[in-house]
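Enquirer: Please put together the full structure from these sequences, using the hints given.
Same order as they appear, the protein sequences are chains V and L.
Quick note on the working numbering: the first sequence kicks off at 1 and runs consecutively.
Quick note on the working numbering: the second sequence kicks off at 1 and runs consecutively.
It is worth saying that the hints were derived from the structure and are not from the lab.
Glycine is no exception: its CB is placed at the ideal position from the N, C-alpha and C atoms.
Don't take every hint at face value.
[Said to hold, decoys possible] Okay, the calculated beta carbon distance ranges per label pair:
no. : chain 1 : residue 1 : chain 2 : residue 2 : range
1   : L       : H236      : V       : N254      : 33 to 39 Å
2   : V       : V106      : L       : P133      : 50 to 56 Å
3   : V       : G150      : L       : H236      : 53 to 59 Å
[Said to hold, decoys possible] Every beta carbon over 10 Å from chain V, so not counted as near; a handful from chain L, in silico:
no. : residue
4   : L132
5   : R315
6   : R373
7   : Y421
8   : R437
9   : D447
10  : L487
11  : A498
12  : K499
[What the hints assert, rightly or not] Heads up, incomplete: computed chain L residues facing chain V, CB under 7 Å, no partners named:
no. : residue
13  : S22
14  : A23
15  : P36
16  : A37
17  : H42
18  : S49
19  : L50
20  : E227
21  : A228
22  : P244
23  : G245
2 protein chains.
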Amino acid sequence: MPPRESYDWLRAHAVETAYIGSALALLHWDQSTKMPAAGHAHRAAQVASLTGLLHARRTDPRVGEALAKARAELLRDDPHSELAANVREWQRAYDRAVRIPADLAVATARAAALGETAWQRARPGSDWRSFLPYLEEIVRLRREEAEAVGYAGEPYDALLDEYEPGETAAGLEPVLAGLRRELVPLLDRILGAPRRPDRTLLSRHVPLEAQRALCREAAAAIGFDFEAGRLDSTAHPFSTRIGPGDVRITTRYNEHAFDEALFGAIHEAGHALYSQGIPGAHFGTPCGVSVSLGVHESQSRLWENMVARSRGFWRHFLPRAAGHVAALEGVALDDLVLAVNAVRPSLIRTEADEVTYNLHVLLRFGLELALLRGQLQPRDLPGAWDEAMRSLLGLTPPELADGVMQDVHWAAGLVGYFPTYTLGNLYAAQLFEAAGRELGGGAQGLDERFAAGEFASLLEWLRAKVHVHGSRYAPRELMRRATGAELDHGAFMRYLTAKYEALYGL
Amino acid sequence: MPPRESYDWLRAHAVETAYIGSALALLHWDQSTKMPAAGHAHRAAQVASLTGLLHARRTDPRVGEALAKARAELLRDDPHSELAANVREWQRAYDRAVRIPADLAVATARAAALGETAWQRARPGSDWRSFLPYLEEIVRLRREEAEAVGYAGEPYDALLDEYEPGETAAGLEPVLAGLRRELVPLLDRILGAPRRPDRTLLSRHVPLEAQRALCREAAAAIGFDFEAGRLDSTAHPFSTRIGPGDVRITTRYNEHAFDEALFGAIHEAGHALYSQGIPGAHFGTPCGVSVSLGVHESQSRLWENMVARSRGFWRHFLPRAAGHVAALEGVALDDLVLAVNAVRPSLIRTEADEVTYNLHVLLRFGLELALLRGQLQPRDLPGAWDEAMRSLLGLTPPELADGVMQDVHWAAGLVGYFPTYTLGNLYAAQLFEAAGRELGGGAQGLDERFAAGEFASLLEWLRAKVHVHGSRYAPRELMRRATGAELDHGAFMRYLTAKYEALYGL
Numbered sequence: 001m002p003p004r005e006s007y008d009w010l011r012a013h014a015v016e017t018a019y020i021g022s023a024l025a026l027l028h029w030d031q032s033t034k035m036p037a038a039g040h041a042h043r044a045a046q047v048a049s050l051t052g053l054l055h056a057r058r059t060d061p062r063v064g065e066a067l068a069k070a071r072a073e074l075l076r077d078d079p080h081s082e083l084a085a086n087v088r089e090w091q092r093a094y095d096r097a098v099r100i101p102a103d104l105a106v107a108t109a110r111a112a113a114l115g116e117t118a119w120q121r122a123r124p125g126s127d128w129r130s131f132l133p134y135l136e137e138i139v140r141l142r143r144e145e146a147e148a149v150g151y152a153g154e155p156y157d158a159l160l161d162e163y164e165p166g167e168t169a170a171g172l173e174p175v176l177a178g179l180r181r182e183l184v185p186l187l188d189r190i191l192g193a194p195r196r197p198d199r200t201l202l203s204r205h206v207p208l209e210a211q212r213a214l215c216r217e218a219a220a221a222i223g224f225d226f227e228a229g230r231l232d233s234t235a236h237p238f239s240t241r242i243g244p245g246d247v248r249i250t251t252r253y254n255e256h257a258f259d260e261a262l263f264g265a266i267h268e269a270g271h272a273l274y275s276q277g278i279p280g281a282h283f284g285t286p287c288g289v290s291v292s293l294g295v296h297e298s299q300s301r302l303w304e305n306m307v308a309r310s311r312g313f314w315r316h317f318l319p320r321a322a323g324h325v326a327a328l329e330g331v332a333l334d335d336l337v338l339a340v341n342a343v344r345p346s347l348i349r350t351e352a353d354e355v356t357y358n359l360h361v362l363l364r365f366g367l368e369l370a371l372l373r374g375q376l377q378p379r380d381l382p383g384a385w386d387e388a389m390r391s392l393l394g395l396t397p398p399e400l401a402d403g404v405m406q407d408v409h410w411a412a413g414l415v416g417y418f419p420t421y422t423l424g425n426l427y428a429a430q431l432f433e434a435a436g437r438e439l440g441g442g443a444q445g446l447d448e449r450f451a452a453g454e455f456a457s458l459l460e461w462l463r464a465k466v467h468v469h470g471s472r473y474a475p476r477e478l479m480r481r482a483t484g485a486e487l488d489h490g491a492f493m494r495y496l497t498a499k500y501e502a503l504y505g506l
Numbered sequence: 001m002p003p004r005e006s007y008d009w010l011r012a013h014a015v016e017t018a019y020i021g022s023a024l025a026l027l028h029w030d031q032s033t034k035m036p037a038a039g040h041a042h043r044a045a046q047v048a049s050l051t052g053l054l055h056a057r058r059t060d061p062r063v064g065e066a067l068a069k070a071r072a073e074l075l076r077d078d079p080h081s082e083l084a085a086n087v088r089e090w091q092r093a094y095d096r097a098v099r100i101p102a103d104l105a106v107a108t109a110r111a112a113a114l115g116e117t118a119w120q121r122a123r124p125g126s127d128w129r130s131f132l133p134y135l136e137e138i139v140r141l142r143r144e145e146a147e148a149v150g151y152a153g154e155p156y157d158a159l160l161d162e163y164e165p166g167e168t169a170a171g172l173e174p175v176l177a178g179l180r181r182e183l184v185p186l187l188d189r190i191l192g193a194p195r196r197p198d199r200t201l202l203s204r205h206v207p208l209e210a211q212r213a214l215c216r217e218a219a220a221a222i223g224f225d226f227e228a229g230r231l232d233s234t235a236h237p238f239s240t241r242i243g244p245g246d247v248r249i250t251t252r253y254n255e256h257a258f259d260e261a262l263f264g265a266i267h268e269a270g271h272a273l274y275s276q277g278i279p280g281a282h283f284g285t286p287c288g289v290s291v292s293l294g295v296h297e298s299q300s301r302l303w304e305n306m307v308a309r310s311r312g313f314w315r316h317f318l319p320r321a322a323g324h325v326a327a328l329e330g331v332a333l334d335d336l337v338l339a340v341n342a343v344r345p346s347l348i349r350t351e352a353d354e355v356t357y358n359l360h361v362l363l364r365f366g367l368e369l370a371l372l373r374g375q376l377q378p379r380d381l382p383g384a385w386d387e388a389m390r391s392l393l394g395l396t397p398p399e400l401a402d403g404v405m406q407d408v409h410w411a412a413g414l415v416g417y418f419p420t421y422t423l424g425n426l427y428a429a430q431l432f433e434a435a436g437r438e439l440g441g442g443a444q445g446l447d448e449r450f451a452a453g454e455f456a457s458l459l460e461w462l463r464a465k466v467h468v469h470g471s472r473y474a475p476r477e478l479m480r481r482a483t484g485a486e487l488d489h490g491a492f493m494r495y496l497t498a499k500y501e502a503l504y505g506l
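Expert: Structure representation (structure tokens):
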């Protein structure tokens with residue numbers, strides 16, 4: 001086949017594969033939201049079967065042959081043309097897929113499934129001894145995968161690259177070290193402030209029906225299109241793109257913590273705005289999918305924290321929220337804004353505020369690096385965890401369930417994934433700063449827009465700078481083009497400092 | 001490969017194919033119940049892509065080769081052993097699939113899609129001229145398919161066989177002629193009876209929430225397992241088996257016709273009881289799927305009409321229904337039972353009662369046969385329809401929308417399918433009679449069980465006689481084993497006559 005025909009074959013193959021992937025996304029959504037209980041065994045076997053089918057299609061030798069033909073011709077082009085970008089990303093995915101031996105892939109999937117179940121069983125009783133063998137197996141297999149995939153710098157890079165293409169430990173370490181140096185003193189200043197948030201506002205009873213209305217109104221306000229999406233309820237909130245015109249979010253409801261449902265919904269709506277902004281015409285090709293977990297998280301955190309925890313947002317939204325939520329009637333704006341931004345060191349990452357959140361991620365990144373470098377053995381994790389927790393947050397977990405056993409990620413095979421959370425925060429701040437500059441008025445200008453209920457110009461800016469590109473540019477290149485700057489913790493620290501000085505009267 | 005290995009390969013291939021089919025079932029369910037409006041274009045393309053993938057797997061030449069090897073050995077066995085039955089059905093499906101040329105399959109799918117859209121557009125205005133070319137194309141393609149598939153008797157058989165394996169026009173004609181001979185006089189007797197049902201009971205206002213509770217309670221009462229299924233709302237009620245442990249039904253709600261939602265739900269629950277009763281261990285193989293549309297319809301009609309329109313059912317259910325539905329308080333049992341069984345000739349099949357329903361089907365069967373035999377041209381259908389309607393039901397449609405254009409089936413390519421509705425009624429009556437005999441007390445004995453809220457013994461009998469077998473036996477053989485009798489209209493006429501003589505005091 002000539003190069004163009006090879007390209008067309010690759011595209012058709014990729015789109016057909018993506019339709020299977022889209023069916024898997026719906027199977028997952030359905031499993032979490034609608035599936036009857038007795039359907040679990042069938043669904044698990046079905047997902048395994050279709051995942052195997054996907055893997056076979058992705059490692060089909062014809063893909064490698066077509067890539068070899070298409071590549072020669074098309075990579076001479078502008079490296080960021082649609083065709084060149086698709087070929088580059090197909091090649092990246094194909095190389096990774098074929099380098100991992102089938103038996104390793106199967107063993108890893110199996111270890112992850114067993115590990116997750118073992119974690120669920122062991123965590124409530126902090127039963128480290130029963131869990132450790134599963135974790136050891138996972139770490140062993142992930143290290144084996146890193147060797148199979150290959151790396152220029154160190155093994156960690158081979159894993160991180162799956163979630164954040166092109167990113168490396170060496171690239172992250174100085175940025176994260178700088179972040180840590182500035183975060184800890186800011187946290188100390190906040191904890192020394194005389195002003196104290198009243199978080200009891202947030203534990204007032206709010207009926208679930210009112211919370212659902214609140215979440216829908218907030219998601220719609222920031223631009224989530226309910227004609228092209230849904231909001232449902234799940235144990236663990238998530239966002240999923242079934243395909244163009246069909247992006248779904250979920251949240252979790254607690255009658256005595258309406259803020260969890262609300263910010264959960266807005267966080268997922270932030271992911272969904274990205275997904276709804278990717279051009280449908282590119283469905284099934286790299287130009288039609290999100291580029292990385294870090295960039296995805298930048299969108300969810302930007303809308304959750306920089307928009308929906310801002311004073312401007314609540315100037316607009318509090319009167320509307322009080323229409324749904326009787327418990328919010330008469331609450332003062334400043335009290336509410338302080339409550340939803342309360343800072344307090346805590347043991348659990350998923351409950352952490354904006355200031356301490358990244359310290360939790362730094363802790364995990366340090367331990368993952370040490371594990372992959374062979375400097376730390378899984379059996380020594382509990383001690384290393386507690387030591388890092390004391391050093392970063394000044395806390396000691398009373399139970400392993402509140403410490404090294406709190407997250408499912410490692411148990412489920414996700415090693416090399418945590419830094420994307422902090423990358424998301426840093427990218428979000430860089431984007432927010434650039435948007436403020438370009439839309440006019442900086443952070444203050446954006447806040448005024450939010451107070452007027454005007455979120456569309458920020459969304460349009462993100463659409464044009466980020467969403468529309470899919471995976472055309474690698475994450476760092478995409479961010480460079482969007483913000484005019486290299487990855488850096490400066491914007492995030494400027495954002496946090498200004499926000500918390502005002503909130504806590506520092 | 002030796003025969004047993006060929007069999008194992010076929011089984012694995014079939015199960016993997018069935019997982020894709022199960023994903024398609026979920027895509028269809030989701031599209032009808034949950035999908036956001038903007039997802040339609042993506043979903044249509046996705047369904048087309050996955051359907052193409054299924055077709056390619058079903059016509060894979062390796063299937064033919066493996067069948068040739070497995071067949072020689074296994075068909076020597078008991079022809080109804082699991083292995084022999086699976087090989088027989090795989091062969092049947094493979095032969096049919098490969099005999100239909102790919103371009104004919106594509107043209108038929110396209111004509112059906114276009115035909116359905118044309119029908120939707122043309123029906124409201126009874127615009128026969130704009131619809132006719134689409135119908136002509138469908139009839140032409142279906143006749144071409146019959147020739148491609150082949151037949152022993154006549155072309156109609158090749159189409160009917162897709163829906164009702166082994167059934168033929170010659171096998172049906174005497175049974176349906178006998179049915180017609182007896183139905184018309186019974187209808188005349190009923191219409192001459194002085195007793196008149198009061199159907200206004202059924203148009204009393206019932207809030208949708210109460211109707212939902214009513215439908216759930218009725219479906220659960222007859223044995224639908226909500227741990228292994230769901231009930232949702234759609235424009236057109238259906239039942240779908242996603243897989244073992246996951247069978248879903250839908251119904252349609254109208255505030256002024258609670259009987260539509262209720263009997264719709266019970267009809268679909270009848271289908272679902274069959275689906276829930278098929279052993280999950282056989283998933284993906286012929287022994288793990290329903291055998292025919294006629295047998296499926298026998299289950300839905302049995303539970304809808306013979307159970308849920310019986311006096312015994314309402315002796316049990318009316319007090320419970322009145323708990324959900326204020327409009328039913330104080331309604332007399334006999335008035336309600338007569339209302340839900342009211343007989344009146346009508347133009348629209350889907351609104352027809354038990355007595356006239358089969359006359360509608362006979363009308364369509366006669367026209368389909370004439371079309372396939374070339375004795376009738378599509379352009380002459382309106383006249384032929386009206387003439388048959390006068391002769392069978394004594395009515396003349398004022399508009400084609402109430403006549404030849406009322407059903408979507410032909411427009412959507414479904415020619416040769418209608419008789420399965422009447423087969424369902426006849427099989428239902430034969431099963432019901434046999435169950436009454438074997439469980440004791442005949443129809444009266446069953447009625448007493450229903451009055452006591454006892455539906456489980458009938459369900460267990462159907463499980464053992466029908467559900468558990470999947471497609472192990474061809475439909476006629478399955479029914480012979482279950483009822484001890486050949487297909488016949490006698491049981492149905494005995495059932496109708498006894499029921500309506502009592503109801504109308506004949």
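Enquirer: Against the structure shown, which of the earlier numbered hints fail to hold, in ascending order?
Expert: Failing hints: none at all.
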